Amino acid sequence: MPIIRPAGSVHRPQGGVDQSPLLEHRRLIQRIERRGFLRGTLSLGALTLLTGCDISNEQNLQGVLRTMSRWNDRVQAWLFDPSILAPSYSEADIARPPRFNAFYPIDRVKPVDGESWRLELAGLIGDKRAWTKDALYALPSEAQITRHICVEGWDYIGKWSGVPLKMFLERIGADMTAKYVNFKCPDAYSSSIDMPTALHAQTILATHYDKAPLPDPFGFPMRLKTPLKLGFKQPKWITAMEVTNTYPGGYWEDGGYNWFSGL
Amino acid sequence: MAGHAGMSVKVHPSFVRIAHWINAAAIIIMIGSGWHIYNNHPIFEWLTFPRWATLGGDPEITYKLNKDVGFGNALLWHFAAMWVFFLNGTAALIYGAATGRLRRMWFPISWSGFWGDFINAARFRLSHDDPTIYNAVQRVSYVGVVAAALLVFVSGLAIWKPVQFQFVTAIFWDFQGARLAHFIGMAGIVLFLIVHVALALLVPSTIKAMITGSVRVKAKHDAAMPAAGE
Chain A
1 MPIIRPAGSV HRPQGGVDQS PLLEHRRLIQ RIERRGFLRG TLSLGALTLL TGCDISNEQN
61 LQGVLRTMSR WNDRVQAWLF DPSILAPSYS EADIARPPRF NAFYPIDRVK PVDGESWRLE
121 LAGLIGDKRA WTKDALYALP SEAQITRHIC VEGWDYIGKW SGVPLKMFLE RIGADMTAKY
181 VNFKCPDAYS SSIDMPTALH AQTILATHYD KAPLPDPFGF PMRLKTPLKL GFKQPKWITA
241 MEVTNTYPGG YWEDGGYNWF SGL
Chain B
1 MAGHAGMSVK VHPSFVRIAH WINAAAIIIM IGSGWHIYNN HPIFEWLTFP RWATLGGDPE
61 ITYKLNKDVG FGNALLWHFA AMWVFFLNGT AALIYGAATG RLRRMWFPIS WSGFWGDFIN
121 AARFRLSHDD PTIYNAVQRV SYVGVVAAAL LVFVSGLAIW KPVQFQFVTA IFWDFQGARL
181 AHFIGMAGIV LFLIVHVALA LLVPSTIKAM ITGSVRVKAK HDAAMPAAGE
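Residue numbers (this note's numbering), protein chains in the order written: chain A, 1 to 263; chain B, 1 to 230.
If we strip away everything but chain B, and leave its shape as in the complex, we get:
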């Protein structure tokens, strides 16, 4: 199956695509409502999030309904989306581990390759000739964002249940330590999102691949990646 110009290659199986977009929705809801919750008692005095970027409802309407300006709604959003985030994320990690897709797509990570790719990425000269193989910058950022997701998950448990799960809260020293860790994990995810969305917009075929599952590749490449589509 080598070498035909403009052939279509399966990049993402349907499970991965569905899980990706469910995760995107859950993450955006978690961040928007989380920023609203944060604003009620900011960790850093110099940082609050603008109302338009948060989730909780129009302040006037919400005050008439709920006697507050959206905090109750933000809590409802956060504690609803956390289940979507948790169940979908767990399913995706199990799928990725069981099929070997995570190991194949994300590892090994070459640190010498990372710096070369990083400099190229910073100059917007990343090669995306073959969308079935992630470069070192992509691999590091995907592994990094999973680490950040695990951090928000564990610190979230510590904030949600500081008595029942007090051994988890103790990992972060105390309740405020868990809040700080939750914030740092969020910041990591937001940083990833900015870079991830910017690079996807620069190479729109990656967005098409995450929607339709396939992408057309250029000639000369030996597309020996049918295994990505199990």
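Chain A extracted, bound-state conformation:
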């Protein structure tokens, strides 16, 4: 069945909006934005005098806080040393079963059918043919026993195995000079990581937990696993992967969680 896309609003001019007024007054617009930033910074000081009056969602302030978060992304990218490995642990430390987390409780997990599942590829990739579960599971696999750390503060040690993402990106002819790798899931979840982390030796497309295929609540048939990122940066039940230079954001990232969130 063909997908019918709306042709765009009839109220918008054909061929896009005329950008020339914006360009002519660029300096003025920048100055206004700077004023907003300064005003937001000043209200930071005022806030502390107003305990019990929480202005976290005030628009100017959100702008300041999110600008700071972009700054934190840059600092973390600078701190990231690709030669550093996350600590490894022993078989005796593995949590069985692992701890579940999603933006809904475990009884609302909709299991993915492995036979009809496909990994769709998009963006700066040479060979965009979709992958079946059997083809993905036949790739060389590497195992790791590492610590999984959630942004909420809990952690556990687990054993995951699967094809290293770097090896997979090479195989599909991805542009490895691109900035981002973006992941989408069937439950409307999404997240994205930076290319240096994607190419790290411990970043894998995990298909197994503790030698058995991933159980349904933990991402069957495939999830991203990297001990270099917080848990929410490692989506489960991945159905689409995109290599891109356009900032992709993510489910929690769009709500204010720090994008880089590197460990």
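It should be emphasised that the hints constitute simulated quantities derived from the structure, not laboratory data.
There's no promise every hint is true.
[Said to hold, decoys possible] Some chain B residues near chain A, calculated using beta-carbon distances under 8 angstroms:
| no. | residue |
| --- | --- |
| 1 | His-41 |
| 2 | Gly-57 |
| 3 | Asp-58 |
| 4 | Leu-65 |
| 5 | Leu-76 |
| 6 | Trp-77 |
| 7 | Ala-80 |
| 8 | Lys-161 |
| 9 | Val-163 |
| 10 | Gln-166 |
The structure displayed is predicted, hence computed values, not measured ones.
Cβ atoms here follow ideal geometry from the backbone N, Cα and C, with glycine treated the same way.
Based on these hints, arrange chain B on the given structure of chain A.
For chain B alone, coordinates are given in the frame of chain A:
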């Protein structure tokens, strides 16, 4: 310059006053947002912080905007204020060390004097005749709160970067050890804040000194402390 009744003495140079209030703002933001983050996964089952004392935004509005009840905002606050806390604190410690102000105002600490001052403080009988000289209780609490600040800083690094800075995390055994140390450092700072604010309210001239920089001293005292105002 000895002995005139009611003369004004410079106590805190402007750098110290500005750094003090910037630090106060950063600390309050760090604690409020930190309590919100803590509540998502409490270290102690019997302890969560009331919503009104935390920073993160009205739950309903925040849920509409961010799909959560303020956790994302709390993270934004915490990771923004940490830079203010770090840069301002570093500048203040460098200033205090370079000018000799820390050594002069906080040391030496007399332990015999501490117990005498402590008992007096507990009875609200602290002498503040000369606000340019800290008593032993003040000295111990100022050195103590700097130690607590260093603990939250180092344990904060261990929580933020347990892979890149894994040698720092190892100091606290593991990730949960670092969280516990971060909590203990916070508790130390909160304890200091309670005593610090209570004593300041009891002797309001100390608050005036931290705002205007000067305070009027009583007679008979030989105010040989112009050096405090470099």
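A quick look at each hint next to the structure:
Taking 8 angstroms as the C-beta contact cut-off toward chain A, the hint placing His-41 (chain B) at the interface holds, the least distance being around 4 angstroms. The criterion of a C-beta within 8 angstroms of any C-beta in chain A is met by Gly-57 (chain B), whose closest approach is roughly 3 angstroms, and the hint holds. With its C-beta approaching chain A no nearer than about 7 angstroms, Asp-58 (chain B) sits inside the 8 angstroms limit, and its interface hint holds. A least Cβ separation of about 6 angstroms between Leu-65 (chain B) and chain A falls short of the 8 angstroms threshold, and the interface hint therefore holds.
A least Cβ separation of about 4 angstroms between Leu-76 (chain B) and chain A falls short of the 8 angstroms threshold, and the interface hint therefore holds. Below 8 angstroms, beta-carbon pairs count as interface contacts, and Trp-77 (chain B) has one with chain A at about 7 angstroms; its hint therefore holds. About 4 angstroms separates the beta-carbon of Ala-80 (chain B) from the nearest beta-carbon of chain A, less than 8 angstroms, and the hint is met. About 6 angstroms separates the beta-carbon of Lys-161 (chain B) from the nearest beta-carbon of chain A, less than 8 angstroms, and the hint is met.
Hint status for Val-163 (chain B): holds, given a least beta-carbon distance of 4 angstroms to chain A, under 8 angstroms. With a least beta-carbon distance of about 6 angstroms to chain A, the hint placing Gln-166 (chain B) at the interface is held under the 8 angstroms criterion.
Hint compliance for this structure: every hint is met.
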